[in-house]
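The chain contents come next:
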Amino acid sequence: GESVGLHLPTLSVQEGDNSIINCAYSNSASDYFIWYKQESGKGPQFIIDIRSNMDKRQGQRVTVLLNKTVKHLSLQIAATQPGDSAVYFCAEKPSGTYKYIFGTGTRLKVLA
Amino acid sequence: ETGVTQTPRHLVMGMTNKKSLKCEQHLGHNAMYWYKQSAKKPLELMFVYSLEERVENNSVPSRFSPECPNSSHLFLHLHTLQPEDSALYLCASSLGGGADTGELFFGEGSRLTVL
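These protein sequence lines are chains X and Y, in that order. If you're matching positions, the first sequence starts at 3 in the working numbering and goes up one per residue. If you're matching positions, the second sequence starts at 670 in the working numbering and goes up one per residue.
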């Protein structure tokens, strides 16, 4: 069935280091992918998105990489800060639907 | 102020109660969503409305009843819920009106506890 999975449930990173959060997706029809950040007690917050006609997209301190061959998505956070501590979700959306499919999330812990 | 506002933020109800969750978006979007977020589970899509019409058929128990009176407001009516329905209910909106809906904008959620 359709699924979006995350390789690691928890990731601990030293402050100042780079973080990489991975995600696998299974629906070849998905053409839009998003990363969300969710802090405790808050709703998910958009970080960055990418469409299937791209391999890489950069934002402020964040980069999303898309490998359609192996159906893999990753989020890279440069110079990780304490404020980056949160749960990160990937989501995919098949073309022509409103059905965003979310992964279970990875908790990022930033160590001082 | 967030573009998507949910009330109440917290709700405790008994299994025989009737209550409603409210969502309002100030973004001029055409699509609105209800998601359920339980511990250690992916976000589950419950309902989607686009231009006030329900789209995407998801299998949701009839004790949850959505209502979308206009493109800015979305309600989730709750009746005879079970303890396993306790969760964070998230409302979201997107540009909508077509296949390319863009990103979802979420509210802060309504934390529901069913006793």
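Do not rely on the hints blindly, as some may be mistaken.
[To be verified] Straight-line Cα separation of at most 27 Å, DSSO-like style, residue types lysine-lysine; simulated pairs:
no.	chain 1	residue 1	chain 2	residue 2
1	X	101	X	70
2	Y	710	X	70
3	X	101	X	44
4	Y	691	X	101
5	X	58	X	101
6	Y	709	X	44
7	X	44	Y	687
8	X	111	Y	705
These aren't lab readings, by the way, just hints derived from the structure by calculation.
Do the hints match the structure? See the list:
no.	hint	result
1	X:101 / X:70	holds (19 Å)
2	Y:710 / X:70	holds (25 Å)
3	X:101 / X:44	holds (22 Å)
4	Y:691 / X:101	holds (21 Å)
5	X:58 / X:101	holds (23 Å)
6	Y:709 / X:44	holds (16 Å)
7	X:44 / Y:687	holds (25 Å)
8	X:111 / Y:705	holds (25 Å)
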